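Participant: For reference, the chains in residue letters:
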Amino acid sequence: MSLPPLTLREPSQRVSPKATTYWRVQAAFGAIAAWAIAIGLVVTVLLVPSGWWSPLLWLAAVVLVVVPLPALTVAPRIRYDVHRWEVTDIAVHVRYGWISRTDEIVPLSRVQTVDSAQGPLMRVFGLRTVKVQTASRYGIVSIACLDDAVAQQVVSRLVAITAATPEDAT
Amino acid sequence: MTDGWQRLDPRTLATQPFAIAAKSLVPALAGFVGVGSAIGFGLALPLTVAGVVAVGAIPWLTTTYRITGTHLEVRRGLLNRTTVTARLDRVRSVDLEADVFHRVLRVTKVAVGTGVDESRLDLDSLDVDEAERLRVALLHGSPDAVSAGASDAVAPAPGSPAQEIAGLDWSWLRFAPLNIGNLAIALAAIGAVASQFDAFIDSERVESVWDWLQASDLPLVVGITLVAGLVLWVPAACVGYAVRWFGLRVTREQGKEGPTLRRVHGLFTQRATTVEEAKVRGVVVRRSALVGLAGGADLRVLTTGLADNEPHVLPSSPRAVVESVAADVLGDAEALVAPATPHGRRARRRALFHHLRQALYAVLAAVVLTWALGTWGVDRPLWLPPTVAVAAVPVALVAAELRYRRLGHALTEHYLVSCTGTLTATRTALEADGIVGWRLRQSFWDRRLGLAQLTAATAAGGEQVLVADVPLGEAVAVAAAATPRMVEGFLPTEDWA
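Listed in order, the protein sequences are those of chains A and B.
Under the UniProt record's numbering, the first residue of the first sequence carries the number 1, and numbering increases by one thereafter.
Under the UniProt record's numbering, the first residue of the second sequence carries the number 1, and numbering increases by one thereafter.
Possibly wrong hints are sitting among the right ones.
Said to hold, decoys possible - Here are the simulated distance ranges between beta carbons: (1) A:Gly40 to B:Leu43: 16 to 22 Å; (2) B:Glu204 to A:Pro70: 39 to 45 Å; (3) B:Trp376 to A:Ile39: 35 to 41 Å; (4) B:Gly473 to A:Ile99: 20 to 26 Å; (5) B:Thr62 to A:Ile99: 32 to 38 Å; (6) A:Ser54 to B:Leu356: 29 to 35 Å; (7) A:Pro70 to B:Leu360: 47 to 53 Å; (8) B:Ala307 to A:Ser12: 41 to 47 Å.
Stated by the list, open to error - One-sided and incomplete, this derived list gives chain A residues near chain B with beta-carbon spacing under 10 Å: (9) Arg14; (10) Phe29; (11) Ile32; (12) Asp89; (13) Ala91; (14) Gly97; (15) Glu104; (16) Pro107; (17) Ile140.
Derived by calculation from the structure, the hints in this document are not laboratory data.
Predicted model only: the values in this text are computed from it and were never measured.
Yeah, the Cβ is synthetic: ideal placement off N, Cα and C, and Gly gets one too.
Based on the sequences and whatever the hints tell you, model everything.
Facilitator: Shown next as structure tokens:
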């Protein structure tokens, strides 16, 4: 009994265009920390007498320098292209990821809570994340990096739809 | 109490100290010894006992509960008074548990679940008859029986009498020694106890044992150890199985909101768990390695509102019994026997790579060990890495084939079925109506192979059922077929034509 293969279509909405800059700035903080550690490692290697650990420390330093680079350059652009979301009267669908790819669908009739969150850096950019939770800890959908106004609209729309479905959501 | 508020049973005062003593034996002993050596043991003993009794009295003094027309309310807490409330029509499960102390005093712990995990109500403890009355009132809906007062007669369950679904058969004991997983737990426990006596193990003793081993016939010693281990393990496993599952009965009763499932078992600690059958969202049939070879399996149900949301309904027992009970619980025999769709050659390749990678790790470990032994001045066993390689590769090939053959999924009218396992074969059936979301994930390697990991989110059991390494198109098709309403809006229109 093999079903004919199907594909999910791309959700219709993009996240805020400001998200790419936000992701870059966020990555910059991580990169600064990683590079600081890398500099520390290099200084250590140069100061202490070399031993069998020296090549390992060099390797670690190189890894720390290289790893943040994609997140600063190409990753935000790819993420922006991939990240999509859509809310219908029946369900929420989000797609995200830049190396791995994830699709999440949650039916609104099973939604238990709808909330939105905004970290300090997100506030600077006027972005907001909407989070939809069900009775399962694996049935959680986050629509990341929406424009503040859009996020408020989505929350009130989701609350209106879920309030209209009286099931106990399990 | 006014307004129908009732206390826990006074016998709680006797059971609580034992529970506390059992739970905090080590700190209690440490405190006893510490205080005792300071002020003398004659004084410390009554002080310790008084302390334990006083702490044990707190729950009885501070916990009260009542049933109103619509709610069950429990108030508790010494400094932070909290009131937990559960709507009666949301009560989905009642769990009664009584260990030996409780049973001697004829009291039992009561845990009430509402299907939402955060709002479980625990009452430790109530009189056995009172607890039964509460259970009947909560699940069979005659709240007058409790709120009117404790002295009323036991309310009879409405509707038909309990219908027996399964009961323990002593011939099932033959599966008990085959649960090797339990052997590992037992060995870990023995190891933990033995490590308490490491003061007695010094290098002199180790050396004398080593010398004795060198002098004796090694294969003989290993053989005798194995036989002795077997002789000890078989009765221990049987006794453990018997103690845990003594008097197992699974029955169906008529509750106020539909049928309920009730499971009673236990020789010393007796447990009676009742769940609304509508909240049973699926089953897990597991054939662990040796039990499976001997034609056995065990059965769990996926449910909500219990402390353990994946409780055993049947311990290791014949597969035919497991399947008939599971079919009875699900109301769908198809979900247990429907042939699983395999995931194709790319999934087989994935399984092969997975196990060959593990074989590689084993060989690498052998190389490192050989090198390390050399640096410690022992003769390098150069034969070790090739031997490990020769042994590990065929094992990996067999394991990969087994893993691939056991991987699959199926859809029946109401259930999504996922089959997994290498040594242990697991078949999980989840009610499509219990699916509260989908996650379709592809890692970088998944994308290269065109495979996906499909997760069905649910409130029941482990809260997810995974269909692993399934071709992407097939994964979407499964999700769309299991929950058409949820997924159909996100399919391209030409695909859905």
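Participant: Against this structure, judge whether each hint is valid.
Facilitator: Each hint, compared with the structure:
1. A hinted range of 16 to 22 Å for the beta carbons of A:Gly40 and B:Leu43 is inconsistent with their spacing of about 58 Å.
2. Take B:Glu204 and A:Pro70: their Cβ atoms lie about 59 Å apart, and the range 39 to 45 Å is violated.
3. Separation of B:Trp376 from A:Ile39 is about 37 Å and conforms to the stated range, judged on CB atoms against 35 to 41 Å.
4. In this structure the supplied range 20 to 26 Å holds for B:Gly473 paired with A:Ile99, their Cβ-Cβ distance being about 21 Å.
5. Here the CB-CB span from B:Thr62 to A:Ile99 is close to 54 Å, at odds with the stated 32 to 38 Å.
6. A:Ser54 and B:Leu356 have their C-beta atoms about 34 Å apart, which keeps the hinted 29 to 35 Å range intact.
7. Judged by the Cβ atoms, the range 47 to 53 Å given for A:Pro70 and B:Leu360 is violated: they are separated by roughly 28 Å.
8. Remark: the range hint 41 to 47 Å for B:Ala307 to A:Ser12 is upheld by a beta-carbon distance near 43 Å.
9. The closest approach between the C-beta of A:Arg14 and any C-beta of chain B is roughly 16 Å, which is over the 10 Å cut-off, so the hint fails.
10. With a cut of 10 Å, the hint placing A:Phe29 at the interface with chain B is violated, because the nearest CB-to-CB distance is about 25 Å.
11. For the restraint placing A:Ile32 at the interface with chain B, the shortest Cβ-Cβ distance is roughly 27 Å, beyond the 10 Å limit, so the hint is violated.
12. Checking A:Asp89 against chain B: minimum C-beta separation of about 9 Å stays under 10 Å; hint holds.
13. Hint on A:Ala91 holds. Least Cβ distance to chain B is approximately 5 Å, under the 10 Å limit.
14. The closest approach between the C-beta of A:Gly97 and any C-beta of chain B is roughly 8 Å, which is under the 10 Å cut-off, so the hint is satisfied.
15. Proximity of A:Glu104 to chain B holds as hinted, the smallest CB-CB distance being about 5 Å (cut-off 10 Å).
16. At its closest, the beta carbon of A:Pro107 sits 4 Å from a beta carbon of chain B; the interface hint therefore holds under the 10 Å criterion.
17. Annotation: A:Ile140 was flagged as interfacial toward chain B, and the flag holds, the nearest CB pair being 8 Å apart, inside 10 Å.
Going through the hint list in order, the structure does not satisfy hints 1, 2, 5, 7, 9, 10 and 11.
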